[in-house]
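S.K.: The sequence shown lines up with residues -40 to -1, 1 to 384 when you count with mature numbering (1 follows the signal peptide of the UniProt record, and there is no 0).
What the hints contain is simulated information worked out from the structure, not anything from laboratory work.
Being a predicted model, the structure only gives us computed values, none of them experimental.
Note that beta-carbon positions come from the ideal geometry of N, C-alpha and C, so glycine has one too.
Where hints are given, some of them may not hold.
Here are the simulated lysine-lysine pairs, DSS-like style, with alpha carbons at most 25 Å apart [unchecked claim]:
id: 1; residue 1: K282; residue 2: K249
id: 2; residue 1: K243; residue 2: K208
id: 3; residue 1: K23; residue 2: K190
id: 4; residue 1: K127; residue 2: K28
id: 5; residue 1: K89; residue 2: K192
id: 6; residue 1: K208; residue 2: K113
id: 7; residue 1: K262; residue 2: K28
id: 8; residue 1: K249; residue 2: K380
id: 9; residue 1: K23; residue 2: K113
id: 10; residue 1: K190; residue 2: K88
id: 11; residue 1: K380; residue 2: K342
id: 12; residue 1: K282; residue 2: K243
id: 13; residue 1: K165; residue 2: K192
id: 14; residue 1: K113; residue 2: K28
id: 15; residue 1: K89; residue 2: K247
id: 16; residue 1: K262; residue 2: K282
id: 17; residue 1: K23; residue 2: K282
id: 18; residue 1: K282; residue 2: K247
id: 19; residue 1: K88; residue 2: K247
id: 20; residue 1: K23; residue 2: K208
id: 21; residue 1: K28; residue 2: K342
Pair by pair, the computed Cβ-Cβ distance ranges are [stated by the list, open to error]:
id: 22; residue 1: T246; residue 2: P134; range: 49 to 57 Å
id: 23; residue 1: E32; residue 2: R295; range: 17 to 25 Å
id: 24; residue 1: Y240; residue 2: D16; range: 51 to 59 Å
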Amino acid sequence: MATGLAMESQLNTLMKKQLTYCVLPLLACLMAVAGSLANAEDIPRNQEPRALRISDGDRFEPKSYYPKFSWEVTPQYFMFGDGSRVLFPEEVRSIAARTSFICIEKSHGSGMLGAAELGAKHEAAAFKKLNPDAKVLFYFNSAYAYPFTSYTKGLATNKIDQHPELKQFLLVDPQTGELARRGNVYKFDVLNPEFRDWWSDTVAKGVAESGCDGAFIDQMHGFVWMRPDKQKEVERSMGEMMALLKSKMGTDKILLGNNAHTDAARPVFPVVDAIMFEHYSAKLLTKEKLLEDWRNMRRIAKAGKISIFRIGVEHELDEVEKASGKRRQSNRDERLAEIARERLEYYHACYLIGAQPYSYFQYGWGWRLSSGSLQEYPDLQKPLGAPTGRPRRIDPEGWEFTREYEHASVWVNTETQQAKITWR
């Protein structure tokens, strides 16, 4: 009996030891897995979730008609125009090798082919021949009545009196009683409901006839400063016009709104698929504005929308010339090209700090083919990889930020406008 009890005691001891050896390592393993999941935002487990992960950890949900997105190198968006010609084959190949998201600017090819929608059609076909997945956008302005398309030729100053059906869509200057214009370009009146219907029909027609994948809409302010007492009405009318366009183009077409992230564009935001941050002056590139941009880029991504971080360095030369009191047109593009090379690391870093899935970078010094559209920057072709963590602000009260990518470490000081991208 005693012997039996002793054997039972030894057996229990042995079983406890075995449980200890088996269970504790299992518990440790489970705890390690739990820890990994807790840090999943900073250390994603595989490429797909990381590529589409917003910096707050949520997953970006792209629409089926969006361009294909990759972090392999810096994602770029191209937008260009030349009123006198279309692209040469080698130019098409050069652009297509760097991006599949493109916009054909307002007058492109109109001098050669007779109308801007024909220029867009020519380039859309050329890009899609090289890359059937390329997404090409047709340009149209919602404020200025550019006469570059066959649909708008009657809006030219020497033809407008022959086209009363178009003249009724133009804004009258309350100070002079004459048609409002900037230079030789008239201004549209978004408060006219007949204009909104015509405009949305016209842009949708341009998209369809050019074979494009959507539209880039510029200048969505409605000249609100000319009638500040009607601000809300102007904003609502612009939102209604964009909704009409989206419906008429088709829900599988991309609607890109320039600066559609601002407070004034609140009625537009729900309608658009993509938003450009057009940094055309120094006041839009202050440290406070950049911080606001990064927050908006995250907000746009959480809404499942595309963002484009556009930098034009032309404002830097303008400031230098203004300070010196000297403005020279000669060699202007060459000087801007030099500034663009010198300032690339800083502006590239500013983009990378705030970039989200489906955030694109656009860089140059204007919209013409000669304005940096064809310029190649080797750093934009270096292997980048997806972000491995969220942006970090070194000091809560300071202006230094860092962020890690698979193949790059980014540091930027937006107060001193210094940056360093360390590639690996």
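S.K.: Check each numbered hint from earlier against the structure, then list the numbers of those it violates in ascending order.
M.R.: Hint check: 2, 3, 4, 5, 9, 10, 13, 14, 15, 16, 17, 19, 22, 23, 24 fail, others pass.
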